[in-house]
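Position chain B against the provided structure of chain A, taking the given hints into account.
Chain by chain, the residues:
Number of protein chains: 2
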Amino acid sequence: MAKLKLTITMSLDGYVAGLPPSLENPLGEGGSGLHDWAFATRTFRSMHGLEGGETGLDDEHAARGTANVGATIMGRNMFGPVRGPWGEEPWRGWWGDEPPFGTPMFVLTHHARESLATDGGTTFHFVTDGVEAAFERALEAAGGKDVAVGGGAKTAQQYLRAGLVDELKIHVVPLFLGGGSRLFENLDGGPTGYELARLASSSAVAHSSFVRAAGG
Amino acid sequence: MAKLKLTITMSLDGYVAGLPPSLENPLGEGGSGLHDWAFATRTFRSMHGLEGGETGLDDEHAARGTANVGATIMGRNMFGPVRGPWGEEPWRGWWGDEPPFGTPMFVLTHHARESLATDGGTTFHFVTDGVEAAFERALEAAGGKDVAVGGGAKTAQQYLRAGLVDELKIHVVPLFLGGGSRLFENLDGGPTGYELARLASSSAVAHSSFVRAAGG
Numbered sequence: 001m002a003k004l005k006l007t008i009t010m011s012l013d014g015y016v017a018g019l020p021p022s023l024e025n026p027l028g029e030g031g032s033g034l035h036d037w038a039f040a041t042r043t044f045r046s047m048h049g050l051e052g053g054e055t056g057l058d059d060e061h062a063a064r065g066t067a068n069v070g071a072t073i074m075g076r077n078m079f080g081p082v083r084g085p086w087g088e089e090p091w092r093g094w095w096g097d098e099p100p101f102g103t104p105m106f107v108l109t110h111h112a113r114e115s116l117a118t119d120g121g122t123t124f125h126f127v128t129d130g131v132e133a134a135f136e137r138a139l140e141a142a143g144g145k146d147v148a149v150g151g152g153a154k155t156a157q158q159y160l161r162a163g164l165v166d167e168l169k170i171h172v173v174p175l176f177l178g179g180g181s182r183l184f185e186n187l188d189g190g191p192t193g194y195e196l197a198r199l200a201s202s203s204a205v206a207h208s209s210f211v212r213a214a215g216g
Numbered sequence: 001m002a003k004l005k006l007t008i009t010m011s012l013d014g015y016v017a018g019l020p021p022s023l024e025n026p027l028g029e030g031g032s033g034l035h036d037w038a039f040a041t042r043t044f045r046s047m048h049g050l051e052g053g054e055t056g057l058d059d060e061h062a063a064r065g066t067a068n069v070g071a072t073i074m075g076r077n078m079f080g081p082v083r084g085p086w087g088e089e090p091w092r093g094w095w096g097d098e099p100p101f102g103t104p105m106f107v108l109t110h111h112a113r114e115s116l117a118t119d120g121g122t123t124f125h126f127v128t129d130g131v132e133a134a135f136e137r138a139l140e141a142a143g144g145k146d147v148a149v150g151g152g153a154k155t156a157q158q159y160l161r162a163g164l165v166d167e168l169k170i171h172v173v174p175l176f177l178g179g180g181s182r183l184f185e186n187l188d189g190g191p192t193g194y195e196l197a198r199l200a201s202s203s204a205v206a207h208s209s210f211v212r213a214a215g216g
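Going down the list, the sequences are from chains A and B.
Note that the numbering used here gives residue 36 to position 36 of the first sequence, counting from 1, and the numbers run on in steps of one.
Note that the numbering used here gives residue 51 to position 51 of the second sequence, counting from 1, and the numbers run on in steps of one.
Please keep in mind that the hints were generated in silico from the structure rather than gathered at the bench.
Honestly, I wouldn't trust all of these hints.
Intra- or inter-copy, both count: the list cannot distinguish identical chains.
Claimed, not checked - Think about it this way: if two alpha-carbon atoms lie no more than 25 angstroms apart in a straight line, the pair counts; the simulated SDA-like pairs of lysine to any residue are:
| hint | residue 1 | residue 2 |
| --- | --- | --- |
| 1 | K3 | G178 |
| 2 | K3 | D97 |
| 3 | K169 | L196 |
| 4 | K154 | G178 |
| 5 | K3 | E51 |
| 6 | K3 | M74 |
| 7 | K3 | K154 |
Only chain A is shown next, with the shape it has when bound in the complex (with noise of 0.2 angstroms):
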C-alpha cells in the first residue's frame, strides 16, 4: 500500500532552515551547511545530470529518499521566497527550466495558482485546501507509488499532527544553526505512535529511519 513518507535533514540544534537570509548572510545564517552531505552524494548528482559523487552509507539514504517515490508534497516556502499573491510573472521554483523531480509536485499555498508544467516531465500543482486534500491529490497522481513530504517545519508538523505520515526520516547534520525554523515544535506532545527502524550515520550525518509502531 502507498505511503506517505516525511524525509528531512535537520541540524543537531533542531533546525530544518537557518535563520531568514540577510544582506551579510544571503543564504541565511549556516543555513546551506546542512544539505552538503546529499549534494555530495551520487544519488544526488546523478538527478542533477552530473557525474560522480560519493557512494556509501548517506547515497544509500539518498538513495531511499526518493526510492518509490510518485508525487511530492512540499510547503511554499520551499518552493520559492515569493510572498502573497503570486503576480503576473510568477516564480517558477528553485529549480530552473528543468526541475530534476520528474513527478508531480504538490505545493501548499494560500494562493490558487494554475498548474505549472515545466521539462523533464516535473508539474508544480498549487494546493490551497489544505494537507489532507493535497495528500489524496498526490496520493492520486502518484498512481500506487508513495508519496513524499519534503518539508520544511510547518508542512512537515502538519503531516504529523494529522497523523498521515507513514515512515518518518530524518537526517541530523552535527552543526548548531542558533536559530531558524525548529522541527519538534508544535507538535502536540507528539510525535507518537512511531518506532525505531533503523538508526547509523555516516562521519557527516545520522540516519533515523521511524515507522509506524505495531498497533500505533
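For chain B alone, coordinates are given in the frame of chain A:
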C-alpha cells in the same frame, strides 16, 4: 591544560529530560529511555559495582565521558527533586549512601548548605555564587584534571552562554519525548565557535563531539 567538558544525552526532538513526573508517569513521560544506552555499557555497570555490560562504541563514549574527570558540576535538579530551602533533613542525592562518582561534585543552587561527604569518596559542594565560581572551585578541586558539566538543560545553557565549554559531547537517542527540558534554546544564537571532532553512531545512539574551533 584542564578542560571544561559538557556531556549530555538528548532525545531526537531535543529534550534532555521528559515532561515533569505525574501520578501516571512517576519518571516523567519517557525520560528514562534517554539513558538506556548508557546503563547497558560495561563502563556504567562497573561504576555502579556491577559485572558485565556491553563493550563497543557506546561503551567507548561512556568511558570518555568520565576519563580524566577530576570534578563534576551539576544543576540542582540533577541532584534531587527538592525545591526551595534544604530544610532540616536535607536531600542527599539520587545515589544512596555510596554515590558512584568518587570525585568532588559541585551543585549549583540558590540555597547555601554545608558540603556533604558520602561513603566512597564523593563529596557534594553547594555553590550559590554562579557558574563561573562553580567552575573555578571545581577546577581547583580537580587538581589538574578536567571538569565535567552534566546538566540539566539550564546548567548546560549557562555554561555555553558564558563561553566556558571547551568540549561538547551530545549523545542523541532516536526517541521522541514530546516535551520537557529543551537543550538548544536560550543560547543567544549559539553555540558558536565549535567544530566537529567526531560523529559516530551505534544502532541505539549517535555520538557527536565538538571542540573549540581553531581561532574560535
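Going down the list of hints, with the structure as the test:
no., hint, verdict
1, K3 to G178, "between (33 angstroms within a copy, 24 angstroms between copies)"
2, K3 to D97, "neither (29 angstroms within a copy, 53 angstroms between copies)"
3, K169 to L196, "both (10 angstroms within a copy, 23 angstroms between copies)"
4, K154 to G178, "both (18 angstroms within a copy, 16 angstroms between copies)"
5, K3 to E51, "neither (31 angstroms within a copy, 45 angstroms between copies)"
6, K3 to M74, "within (16 angstroms within a copy, 45 angstroms between copies)"
7, K3 to K154, "within (20 angstroms within a copy, 40 angstroms between copies)"
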